[in-house]
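6 protein chains.
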Amino acid sequence: MERRRPSHEILSGDSADVYFARANQVLDREGLDPLVTMEVFTRQDAVLCGIDEAKILLAHALAEAPAGEAVVEALDDGDLIVPKEIVLRIHARYRRFGLYETAILGMMAQSTGWATAARATVEAAAPAPVVSFGARHVHPEVTDSLDYAAIVGGCVGASTPAGARLAGLRPTGTMPHSLVLIFGDTVRAAEAFDRDLEPDVPRIVLVDTFKDEAEEALRVAHALGDRLYGIRLDTPSERGRVTIDLVKEVRARLDMEGFTGVRIIISGGLTPERITRFKEQGAPVDSYAVGSYISGASPIDFTGDLKEIDGRPIAKRGRIPGVTPSPRLRPVDLAGWRGD
Amino acid sequence: MERRRPSHEILSGDSADVYFARANQVLDREGLDPLVTMEVFTRQDAVLCGIDEAKILLAHALAEAPAGEAVVEALDDGDLIVPKEIVLRIHARYRRFGLYETAILGMMAQSTGWATAARATVEAAAPAPVVSFGARHVHPEVTDSLDYAAIVGGCVGASTPAGARLAGLRPTGTMPHSLVLIFGDTVRAAEAFDRDLEPDVPRIVLVDTFKDEAEEALRVAHALGDRLYGIRLDTPSERGRVTIDLVKEVRARLDMEGFTGVRIIISGGLTPERITRFKEQGAPVDSYAVGSYISGASPIDFTGDLKEIDGRPIAKRGRIPGVTPSPRLRPVDLAGWRGD
Amino acid sequence: MERRRPSHEILSGDSADVYFARANQVLDREGLDPLVTMEVFTRQDAVLCGIDEAKILLAHALAEAPAGEAVVEALDDGDLIVPKEIVLRIHARYRRFGLYETAILGMMAQSTGWATAARATVEAAAPAPVVSFGARHVHPEVTDSLDYAAIVGGCVGASTPAGARLAGLRPTGTMPHSLVLIFGDTVRAAEAFDRDLEPDVPRIVLVDTFKDEAEEALRVAHALGDRLYGIRLDTPSERGRVTIDLVKEVRARLDMEGFTGVRIIISGGLTPERITRFKEQGAPVDSYAVGSYISGASPIDFTGDLKEIDGRPIAKRGRIPGVTPSPRLRPVDLAGWRGD
Amino acid sequence: MERRRPSHEILSGDSADVYFARANQVLDREGLDPLVTMEVFTRQDAVLCGIDEAKILLAHALAEAPAGEAVVEALDDGDLIVPKEIVLRIHARYRRFGLYETAILGMMAQSTGWATAARATVEAAAPAPVVSFGARHVHPEVTDSLDYAAIVGGCVGASTPAGARLAGLRPTGTMPHSLVLIFGDTVRAAEAFDRDLEPDVPRIVLVDTFKDEAEEALRVAHALGDRLYGIRLDTPSERGRVTIDLVKEVRARLDMEGFTGVRIIISGGLTPERITRFKEQGAPVDSYAVGSYISGASPIDFTGDLKEIDGRPIAKRGRIPGVTPSPRLRPVDLAGWRGD
Amino acid sequence: MERRRPSHEILSGDSADVYFARANQVLDREGLDPLVTMEVFTRQDAVLCGIDEAKILLAHALAEAPAGEAVVEALDDGDLIVPKEIVLRIHARYRRFGLYETAILGMMAQSTGWATAARATVEAAAPAPVVSFGARHVHPEVTDSLDYAAIVGGCVGASTPAGARLAGLRPTGTMPHSLVLIFGDTVRAAEAFDRDLEPDVPRIVLVDTFKDEAEEALRVAHALGDRLYGIRLDTPSERGRVTIDLVKEVRARLDMEGFTGVRIIISGGLTPERITRFKEQGAPVDSYAVGSYISGASPIDFTGDLKEIDGRPIAKRGRIPGVTPSPRLRPVDLAGWRGD
Amino acid sequence: MERRRPSHEILSGDSADVYFARANQVLDREGLDPLVTMEVFTRQDAVLCGIDEAKILLAHALAEAPAGEAVVEALDDGDLIVPKEIVLRIHARYRRFGLYETAILGMMAQSTGWATAARATVEAAAPAPVVSFGARHVHPEVTDSLDYAAIVGGCVGASTPAGARLAGLRPTGTMPHSLVLIFGDTVRAAEAFDRDLEPDVPRIVLVDTFKDEAEEALRVAHALGDRLYGIRLDTPSERGRVTIDLVKEVRARLDMEGFTGVRIIISGGLTPERITRFKEQGAPVDSYAVGSYISGASPIDFTGDLKEIDGRPIAKRGRIPGVTPSPRLRPVDLAGWRGD
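Line by line, the protein sequences give chains A, B, C, D, E and F.
Quick note on numbering: our numbering labels position 319 of the first sequence as 319, and the sequence is numbered without any gaps.
Quick note on numbering: our numbering labels position 40 of the second sequence as 40, and the sequence is numbered without any gaps.
Quick note on numbering: our numbering labels position 228 of the third sequence as 228, and the sequence is numbered without any gaps.
Quick note on numbering: our numbering labels position 238 of the fourth sequence as 238, and the sequence is numbered without any gaps.
Quick note on numbering: our numbering labels position 111 of the fifth sequence as 111, and the sequence is numbered without any gaps.
Quick note on numbering: our numbering labels position 87 of the sixth sequence as 87, and the sequence is numbered without any gaps.
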């Protein structure tokens, strides 16, 4: 993950539950700042994500701690985790990081939700690749996190420059329906797209805007010839969405006219169940573009528990006091994550 | 909604689907920039939210348009909307705003999802109030949007300063379990809280950290006397969560010792269904703190369609060409939203 | 119902369960031929059909009976009947009609099944009309009975000349996909159809053979102008079948270009449930063409019981001896049904 | 299958969908009659039936075609087929056979439905045999087709002479309740049956008309002695139908009195599920007589598609153009099926 | 309820949970015997039963208490109670009655379960009466309690002398299948039954032992004439149990031969659901004999809670301290229940 | 099983269905007393119980029979039986035992129901033991039978002295909530319990009366030290019942303070399903105390059929005449069971 300094709003605690600020105020007035151990876990199987961003935040938060006092151990983005497994352990003075509990858990909850959903689609589609197209369902401040999480979950690409950059990739995309509508004809739009863009942008043309998909796919293939990388089927729900038989027919009609190299990308309401049906019934899909299944995944709730205070095992009711044996945890190089 | 300038990342298109940037590049090279009308709608009943933030973005995007050329009509945050109703109509040159389609739809999708879920809990709990406690499930960059949406959906408060500020309220909260654990005793933590915080912070004490909730509630009530505003029950799932009978018993035991004014706030896995059961069975809850039901709500997908190009009705397959009659739309004062 | 002489095969008993022939043989050798009363009923609510055809068969079977000996009472095609209601009572010498029990029950079972299913679609579609298109699912020897039963159940038309004639109507239809394929273009096929057929055949054109339905509908409307009576949408299941939104969009696009008088007929997998959804959601369908829901309806089983023998009440185990009070039964004019 | 000339009504097109007649009229006036290839398939696993009857119809329809011009390939009655498998391919001038599409598909749809249902009961009952008793639920014009299809599906016999003859068998049956009622006593009816019928008709006696089945079975066994082939249990639904324990008890009581050779045939509402339960729980049934499960089976829809016209691959939207590889198809000897 | 002294085993505590004996031993050694208030309730709607028997036990247990010290308030057998309603309150020194908690709760749990189930059948059958025939499913030591509870629940009779006596009624019954089997013929058994028993025993004859029920009913009616009070249908499950149509047919056949006064009693696996179906479909049943639905009802759990000790409100966790307002409770005359 | 003389009420027939008494009266007057064979079976898989008690009753009933005339064969308490298996065969003069059919079947029905339910919990819990705590749900006259049946079903102990004695064991128990409430503190109650009871009573202390279970468990462990045998968790439903995590936490907290030898017993609404979940998820339960699942089990219905009368095979309709082959039956030593 690309390193980024946490925003002012996060560092100020403005985005934290207010009771953490109040707790700090009380401890300050009471002159308390114990050395504590906090452990973080979730309650379901998941693809861990957001923890690397949390490490950056912790690295900044603990920057002033005396040498050796603050110790962080953690798993990494992309690790498969199991219920109740400890994924992060912070050993430091409470007031240095208590205020960031909300932010840390939030980063992990939402990103882990997205990565876990992404992986479900990736497993369903394998060996065909999946691309994340969900940016339009989340706030623009987090599209980068969404796309990064989708790639951690196994997607081979994502549609936003910010998200792709975070994952060290180039963004993936075709063309919007708007472009086709403005040109008034799919072939003319495709020709302009082909004429005007850099050669390394794959020519993938949307073929459901004006005419029947099979007819349009052939028109576009004839117009662009070898330069056509692929077509995208995105039939709207009003027309019954993309069906398994549509993919088979378009493939057959393209092949019959010699366009065996044109790839078929599909999108529109794809879920692991629908992808599995496409695969099981032999639909010749080259790539799946998945949106709301990933971007609409519910966050996966993480919990942070104090387990030691000044060396004594402790826990609230319902939890087991003391440090949990966690052989997979690895020490975190805070200076490294801070970018020192 | 408090006015905020859109971030650089949003304005640069970095968080947009890359195909919008490519579409702009093509149109630029082809010398095209038609005057278009785009309409935005969703497919379900919802509490609209995020549209005011979208107006700010559009106000900045269209700032350079000649007088009278760009016209925006919209509904407002908090409006109840129905399937296929037009909630936003943009009439402008395409290249001035096409790049922001991803951002606009994303703001609306996530905020409308949150506001609609919030409203479901508010309706279940009425006349008891609901407070949003979901910050820990979303990325810290959007906790403010989450809390604002929850309040638009009818919550009376939210837990983050940033979110509360956006809604023009003060943040709401009690104390973290960590504070109680550090003091080693609920009563000592409550006394310090009471001693150290400003008088206008309501004294609400968590009573499930160390001892049985009923026992602890009485200990705290005796310790703080009239200064105790309320207690919060947040029994962990490991102990069966807060039950209806627990609330009744705690209320009865407080009343028997004269603490009839102490309020009971409950939290932990609350949903409209669970809240309804509490209400129907007469549990004397004074306030509900709801987290993941609101913060984990899936985005509600919005769609933007071009319906006119240079005055001609048009639409992609599956949609009906031309402007949709929408008597509820109101003109948007772009200069006002820009803060000019 | 048009009068028809029963076929030789039926009158010979060749299509009867063999045990009736054997029973007749036994009775003959034993010199027995009592005067019996048989009653026929079913066990569910239904639209009675096939009974008029049964009257014709009985009229021929009992033609030789002495005056006054044979008495038949019955309900009529189209009557709504209830469980265990007597729909036919035959009072005659057993050997004159016993052999025809299989044929009588079979006529009634299959036709009543079809008529009852037809009525379910008619009630769902009302006030829009339903046409029976199920001939391709049943043996050609019974397509006339199928279409007649569908009309008894409330359909306004049927697709076979034989069936329509039986019901005193003209057959209803559009054109096969084969015709469009042979012309290679929908518009050319439509023009030939318009040029070559009698003026009183309504010009209804299939618009899903080659191109998108909305596009093709407009092409055809422009080509035929006022002479176009309607278009038929029969989108194949491979393309998601006809959807509610497709009908709305085609209607809107036709209206926008002034073709408000062109009717929309839909077909393909229609059931009462699907028709109800189209109606409830306001799809502007002018007529429904229903096939397999009607033609694939299971027969409704009828039972014939001897209830009196030579004036004595009798019944097999499980039935109540003697004639059942049945005020709705009407005397059957056997000579009339025979066509004397 | 016994050869039969198609009826005048079928050959005239009277039972066809009217739009085929109209298509022929248009093609005639336009002077068109291309050489086409039509393929027929269904969408589910099935026991193919009715196709031999379709071959006879095609043999007559194509009788005038020049040598070598008309080629038909097909599977046969009784073949197990899979979804989308081509079961019939016709290569001929369209106007010679287009009119018969309705009839061909109808023959196959209804007969394949019956044969497939029959096979499900046969598989459930094996090794005990199944006999088709469904004639009373279908129109007498198709009882022969029903019984023939049941035998193609694996039944060892059927109850109508016409159906049995089509399958080259003798009809199967017992006696009607009417016969027993007329004699007023099961034993007297059985004795007359035994006295009056040819020796090669198996003596199978219905034993549920007047008395308890077990009591009656013993009375009949004592009366007919070795000449009794079997008894049939057909307990009416009003008395709880035939149960597994009833069969066991009747078997035991017959055996206790030495009638170990008397077979037990059961009937009444039998389905594969009920037959399976009888078999799994060890009911000593010698033969199952199945009616409405077979005769009430819904037709299995077949589709005919033009795939080549004058040598060019073609298909309507939703289908793949050109001839489908179908190695199992066998050439049809049209002259042979015509009986030349 | 007839008064009975509790058995030695109950009074000795031998049938009590051993921890009550141990508790008494501890209190004795510690010299403790506080004045306590115990309240008893259940968690569901029910017909209260067994409480009168509990009053007798308490009356004996508290016989030695000083005047005025021991006060018992309670509801009565047959009262309809609601969840959490107090049905019994005991105010006495703990050691006088603590040992009997198991016995008191047990009496109430099992009898209330039976009475509540009985009432469900009685309500389903009304206005036809229900008789309890469940003695054969419970231990003979409690058949009297079962039958008494059934009558409290609304049954008009019960089959055991002990149970009937407890309820102040005469026992109800017909004859066992064994009697019919020993006579070898239903009519001969019926005649002996009629000849040998006192005239006030109603002649109710089982008619399903040897022959078909309808046949046997007529034979018995002819044999006993006016002396026949009724027949009982108890068709075994091996023959499909008693069906609605069987009752209708037997009634019709009896009436046709003039036996309109013979009553029909049915039995065999009756539940409220089955009884409701018989009633709704008009089966002419005169009386229902219900066995396992009543006798197999699960006990309804009662709980006893200490709510005051030496005048101080108290309760265990989960309960609300202090006496519950219970206006329906009535003082219990202990001397009266003791039979002093 | 401990031998007990049947009660007077049972031997007098007072608890029998009255029709058996009437049958005896008829047979007596008619001078009939045939030698019969009765067989008893049930219709489901079960753990047989109550049959030893039935042998005692038969031993007394048949005490006066001439040598060799009365023969009883049976299976034994604890045998696993299958549907329709003969578990008891009585060969004797009918009038010697016919009156006891109700009692015999009742003993077996209720005890077999309890034993079968007990075994389901025992199998779920294995290798952890189960104790029967259901006495409070059944009438005190049958608590001994209940506890005996539970032990036959595999429980290692039961809570009543009478039941335990019947099974040759000592009763099992802890202390009632009442004792803790009277002492006002769990530790004080535990100390008195420890001080006052014989050393061989295991010290098992209830820890959910006043405080949180984990806190109380530690307090009790510190107070009693090595003398503490175990703690019992019986969290009320108002507090969410005992959860899997509660057991794990209490175990962990006990172990952390060195109390590794203290056993954990749980109770409260346990069923095989809940026990299985505790076991599968690794809850460290040492013993399960099961109440209403065992005590509330419905009786398992047994049927007694006469199969021979004076040497002739016979049976009522629905059953097969004659003696059933039953190789597992063993001869019963009547004198031994009578205790001669």
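Source of the hints: derived by calculation from the structure; they are not laboratory data.
Each hint should be verified, as a subset may be incorrect.
Intra- or inter-copy, both count: the list cannot distinguish identical chains.
To be verified - Lysine-lysine pairs mimicking BS3-like chemistry, simulated, CA-CA at most 27 Å apart:
| hint | residue 1 | residue 2 |
| --- | --- | --- |
| 1 | K316 | K211 |
| 2 | K211 | K248 |
| 3 | K248 | K84 |
| 4 | K316 | K248 |
| 5 | K316 | K84 |
(request) Return the numbers of the hints above that this structure violates; sort them in rising order. (result) none
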